[in-house]
Amino acid sequence: MTTSTWAPEEFSARLGEIAELSAEMESAHPGEIISRVAGLVDGPAVVTCSFEDAVLAHAAATAVPGIDIVMIDTQYLFAETHWFAGEIQRATGMSLRVVRPLTVQPDNLWQTDTEACCRVRKVEPLNALLKGAAVWFTGVRRVDGPTRASAPIVSLDSVRNVLKVNPLATFTDEDIATYELLHGLPRNPLSERGYPSIGCWPCTRPVAPGEDKRAGRWSGQAKTECGLHT
Numbered sequence: 001m002t003t004s005t006w007a008p009e010e011f012s013a014r015l016g017e018i019a020e021l022s023a024e025m026e027s028a029h030p031g032e033i034i035s036r037v038a039g040l041v042d043g044p045a046v047v048t049c050s051f052e053d054a055v056l057a058h059a060a061a062t063a064v065p066g067i068d069i070v071m072i073d074t075q076y077l078f079a080e081t082h083w084f085a086g087e088i089q090r091a092t093g094m095s096l097r098v099v100r101p102l103t104v105q106p107d108n109l110w111q112t113d114t115e116a117c118c119r120v121r122k123v124e125p126l127n128a129l130l131k132g133a134a135v136w137f138t139g140v141r142r143v144d145g146p147t148r149a150s151a152p153i154v155s156l157d158s159v160r161n162v163l164k165v166n167p168l169a170t171f172t173d174e175d176i177a178t179y180e181l182l183h184g185l186p187r188n189p190l191s192e193r194g195y196p197s198i199g200c201w202p203c204t205r206p207v208a209p210g211e212d213k214r215a216g217r218w219s220g221q222a223k224t225e226c227g228l229h230t
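Going by this note's numbering, the residue at position 125 of the sequence shown is 125; the numbering climbs one at a time, nothing skipped.
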């Protein structure tokens with residue numbers, strides 16, 4: 001495949017090369033994926049981290065020092081998540097930017113319309129964030145659940161016209177734990193309290209033994225995704 005730099009206006013014409021790159025990256029280390037794609041594309045790269053764990057932030061900051069690492073603060077994140085993000089920032093010296101909803105203040109929309117709540121607190125801030133970006137690195141993993149089981153390493157987000165890259169797509173929970181151990185990374189305190197998937201406090205509960213790891217997200221609803229990755 002060609003190794004020339006890719007410009008965003010060329011993405012739609014390079015779908016075959018994008019698929020080829022994704023296949024090549026199946027067995028690559030997350031840091032290698034981040035470094036290679038960031039160097040291949042002509043344009044800004046953005047890393048969005050939920051800080052469920054520290055792996056993506058650490059891998060990105062190590063592979064591309066100074067890369068733009070962003071936490072979308074919905075105004076309903078757990079206090080532990082805010083604390084944890086700060087700990088990782090201090091430990092790694094990474095550049096962390098916090099993005100908040102564009103126009104809303106805390107309200108009770110989550111009680112009546114979770115789709116609308118996610119839209120204004122997650123999706124709209126992300127869309128604004130990615131305007132002008134060429135690459136979006138995410139923490140999506142295939143083991144997260146059925147809706148993510150076939151997530152590619154690299155694909156084109158045609159709506160936002162960015163290369164969407166999932167450097168941790170092939171990582172199991174054991175891989176995450178091993179990475180944390182090898183690099184001496186702390187863990188989000190909620191992960192020790194039965195929260196294998198961590199979102200906003202109104203819509204996240206601990207998971208019971210035997211439940212799917214995302215069973216605690218929007219429990220009792222048909223909703224399984226916030227909209228960032230759909």
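One thing to keep in mind: the hints can contain errors.
[What the hints assert, rightly or not] Now the in silico label distances, taken between C-beta atoms and shown as ranges:
1) Asp42 to Glu192: 34 to 44 Å
2) Glu9 to Gly86: 17 to 27 Å
3) His183 to Val143: 19 to 29 Å
4) Asn108 to Glu24: 39 to 49 Å
5) His183 to Gln111: 37 to 47 Å
These aren't lab readings, by the way, just hints derived from the structure by calculation. Positions of the beta carbon are idealized from the N, C-alpha and C atoms, including for glycine.
For each hint, the structure was consulted:
1. In this structure the supplied range 34 to 44 Å holds for Asp42 paired with Glu192, their Cβ-Cβ distance being about 42 Å.
2. The beta-carbon spacing between Glu9 and Gly86, approximately 38 Å, falls outside the hinted interval of 17 to 27 Å.
3. Taking 19 to 29 Å as the suggested C-beta distance range, the pair His183 and Val143 conforms, at roughly 20 Å.
4. At about 47 Å, the CB distance of Asn108 to Glu24 agrees with the hint of 39 to 49 Å.
5. The given range of 37 to 47 Å is respected by His183 and Gln111, whose C-beta atoms sit roughly 40 Å from each other.
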